[in-house]
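Novice: Respectively, the protein sequence lines represent chains Z, H and R.
378 is the number that our numbering gives to position 375 of the first sequence; each next residue is one higher, with no gaps.
51 is the number that our numbering gives to position 44 of the second sequence; each next residue is one higher, with no gaps.
253 is the number that our numbering gives to position 227 of the third sequence; each next residue is one higher, with no gaps.
Treat each hint with caution, since some may be false.
Stated by the list, open to error - Computed Cβ-Cβ distance ranges for the label pairs, DEER-style:
no., chain 1, residue 1, chain 2, residue 2, range
1, Z, 518, H, 152, 51 to 57 Å
2, H, 41, R, 207, 38 to 44 Å
3, H, 286, R, 293, 36 to 42 Å
What the hints contain is simulated information worked out from the structure, not anything from laboratory work.
The beta carbon of each residue, even a glycine, is placed where N, CA and C say it ideally should be.
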Amino acid sequence: MVKRKTGLALVLSAMLVITAACSSGGNKESPAAESSGSPAAKATSSASATPDGSADKEDKLDFSKRIAIEYARQYQQTFEEPPLEQNPVKQQIEKDLNIDYKVSVTAGDSDGFAQLLTTRVATGDMPDIAWVRPQEMERFAEQGVLVPLDEMLDKYFPELKASRTEEEWSLSKVNGKIYSVTRTQAIGSIVANYIRKDWLDNLGLQVPTTTDEYLEVMKAFTFKDPDNNGKNDTIGYTAPLINRVTQGMFANAFGLPQIGIQVGGVPDDWIDANGTLHFGPISDEYKQYLMYLNELQKAGVLDPDLPTNTNQTSQAKIIQGMAGAFSIPNPHNWMFESNPKLLKPILEANPKAEWVLMDPIKGPGGSGHNTISVSAPHHLVIFNKKDDERALRAMSLLNYMDNGAGKLGSEMLNFGIKELHTETVDGKLVIKKEFKDMSNNFLKAYSMSMIEPDMEYQNFVFTEKDRAEFQQIIDHYNSGVTMVSQRYGALPFVYDGDKYVEEMGLRFMYGRDSFDKWDDYVKTLKEKYQYNEVMEVRKQELQKIGLLK
Amino acid sequence: MAPLMKRMMRYRQRLLYIWIGLSFFIVFKYWPMYGLVIAFQNYRPGNGFLEGPWVGFAHFQTFFDNPNFTQVFINTVLISLYRLVWTFFPPILLAILLNELRTEWYKKTVQTLSYLPHFLSWVIIYGIAFAFLSEGRGLVNSWLTTFGLDKIPFLMSDTWFRSILVGTDMWKDTGWGTIIYLAAIAGINPSLYEAAVMDGANKFRQIWHITIPGIATVVFLLFILNTGKVLDAGLEQILVFYNPLVYSVADIIDTWTYRVGITEGRYSLASAVGFFKSFVGLILVMATNYAAKKYNDSGIW
Amino acid sequence: MKHTRGERVFYAINALLLAIVGIVCLFPFLYVISVSLTPLTEVMKHNGFLVIPRDVTFAAYKQVFNQSSIPQGFKNTVIITLVSVVLSLVVTSLMAFGLAKKEVPGRKIYLFLVVFTILFHGGIIPTFLVVKSVGLLNSLWALIIPNMIVPLNLLIMKTFFEQIPPELEDAAVIDGSGEYGILRHVVLPLSAPVLATIGLFYAVQNWNIYFLGILYISDPHLYPLQVVLRQLFAAPDPTFMNAEVAVPPETMKMAAVVVSTLPIVMVYPFLQKYFVKGANLGAVKG
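Here chain Z stands alone, though its shape is the one from the complex (with noise of 0.2 Å):
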């Protein structure tokens, strides 16, 4: 399960990766477009005295009694809050708002947290906001125990409301009621693939474009000794785990629109432009890319510990040179200049190490990232503590931190008080690089609700090549489908099948079951599992908040 897990985190931490353009609908308006490519680097926030934006609206809320409001979340990161007096930052919030605030930071991993969070609950002993998976905001939102946002929205709030569209806002929903703000991938999930240029250079190879052309490549990486060295040490492909979101690329290539985006090596279901539901794990497409796959396995390219890879042994491999391609989620954060965090231990390994962005590879099913349109792995959710005004102040923080509406404490997360966190340099305005430091220590455990990715912030600290990088991996987004698996809920019964589809998955990879087994797996899935419930149940839901006919 940690495996899935950490499949279903990639998927998630990969649709944290923000940016405008696509997505199913057509253009959207607002977050999307404010957040696109505008390459305006502000380098400064002053945080004013009271939160603008709608200030007409926001008189009415009443700020003079002074109220202890308690956040919590989990966090993987050195968390030492200075104090209060060392703490520009948390002074401004505090003095904005009234507030005595109080970030309640757990380490560990979430199901630890949910767990400790649940017990919260049970206890009576709630924080005031708390940053929370999909499922737990659901659960929480059944139970009675989250305050209903709309209300408070649509009366104080209508900039935060605006900035998320009614798509995103239904990810917040549960019952018709809006329980969250979301942290918003306003484009889903953003992957790049990357390949070994000094080999293909070594070998006279061009860079491929076809799914054809691509297993010719990776032949030649495994049995031609790319790297000239005499040795028979190199193999094609390389991934933590298989099946997932990063395999986008693959999955596209036949049609498949994505997979692992719900659960780890499970294909999505989508909606095509015709209106029509596909069930990823019964999908025609989605056998076609198994078989590609399995191609690729026969033919010895991939890194034979795909499915027992941890992310360690993968990047090992990348930095070792003992693989010629890759895929990653949140390239900005690994691959960019910006943000070289496995590009500079590649370098430092072999400076003479090329590594090149490329195209999505087509394949009969068309080519590209699919994504899914909207997505919120992670939601904002205040609880009831049978005190309005309560919830209105901490609602109050919830936009004053948000990137969609209120913007100051976001904005200083990222560049800082004015006056204290910058200078000009050389006429241009940057940042201090003490509040770099302090900034990465403890403040961003700060932040809330957003719509990712930050393009001002990353737009600030994006290099010209991380730019053009950045907009090449977006344009090969494609859109016109719908990606549904977020918008189901739980099921009514007890399912096991998707430990199945991702075993059998694996088994016709690697051709311990052979595609002539296709249609026994299909009936197995439907009636030893009741996939043919879980297929009835989930195109009621569809059709219920209006997406199916």
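Since chain Z is already given, all that's left is putting chains H and R on it; use the hints.
Specialist: Coordinates of chains H and R only, in the frame set by chain Z:
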């Protein structure tokens, strides 16, 4: 009645000591046991424990009826049995051998070294296992190819996987397991050995007739308690080690519960499964205890 | 003492065998230590797996100790461990002593009650509520008291106590000793090995507290060491694999492992003197 009262007076101090500890059990172990009832409800966190809609054995039924039940049940039992054999007896053997070392510093060193792996997490052990057994760059597979043999995908093979689980478990905890037996051996009267030597017994007979009986009660105690865990099978390790290619041999009751119970917030279902496991464990413990009593008068109670 | 030839062969083979065991068990620790002392790129060059450190550097350790929450975490864990061991040993030995006499009325019931708790648990939330009602939340006591007696340890102690020759007890009784006297003058002096062992078990259990630390404690100054370390150095949940998270390199993770386990590993060698065979049995002859 009278003899009973007399005994209670006679042993009143011991009874007091028992009750000091027992009150701890009552407060922190028995009081929370009301939580077990959620196995028979449709529990929602936030509700009181005694409110929720009662569903009787419905969750148990769900558990038994699910299509994977047989597979996970068999896997659980098999893996547990392998573990029992391979991680219960080696520490005894190792303790005996350690005890026979003549040189003190050597004994101390090996002892300390032997329990080091116990302190490492499964994640780290997996990293080491991967470095050895992976197909790509694993050391073992490199050796195999040097000798002209085929590579073996250890971690993805249904024939090897369980052995790897149990083998790494042995590696991790055998040394730690010797500690208790060494303590037991330390309590054996040395004059017994001297007498045996004078009677002409060789090393093996000494071990067989003195050392082993000397630790027998501890062995029985640990064995009886171990049978109670037969439906556990090592969730933490399996989560770290397994992958879809070995689900068929490594999916156990707990991984199933984790998937469909906990991650979906089905607390009642998870609780029902836990209840079932505890119940089976209790029956086994009681049965083994009874057998031990009859055989050797060494039951726990 | 004269050894037969057969015995000498046995000793030689035994020594060799155990040397192998020792090396095999040392090996994973060498790996952890080596990675912690080697620069990251070197580590990656070797597939992420090393047994001998190369280019020895203490950078990873410097980073670990740079985190100001670590000394506090250390302090908390040391306090928890010391207090727990003392408290647990006292309460557990008392109860074990009480249960070690077959004639004690109700003994079987008490034993059954203890064993029952090994198998059945109420669950996290009910236990949390109890801990809360007793007022222990958010204090180190919440980590000490609720797990003060481990049933297994209790039963082990009882088993050991039962093996003390009854003649010794009788002798003490004849000398006018009460139950407490028996415990203090007969049982405990002869029980050094089991007390050392159970003390070690309790120490390790408390040293490693992690999840309960998160559950019961909200004041970061009270976090035990393992919580602090995981917060800083554990592999990040990939859900958060975005710009906010700095992935701690393998080297730092390993340094954290060494820092967190070395102290407790070193405890046992100091306890070994209590395991010397027969040293305690002088009382029999005396």
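Novice: Now look at each hint and say whether the structure bears it out.
Specialist: Do the hints match the structure? See the list:
{"no.": "1", "hint": "518/Z <-> 152/H: 51 to 57 Å", "verdict": "30 Å, violated"}
{"no.": "2", "hint": "41/H <-> 207/R: 38 to 44 Å", "verdict": "41 Å, holds"}
{"no.": "3", "hint": "286/H <-> 293/R: 36 to 42 Å", "verdict": "37 Å, holds"}
Hint violations for this structure: number 1 only, all remaining hints satisfied.
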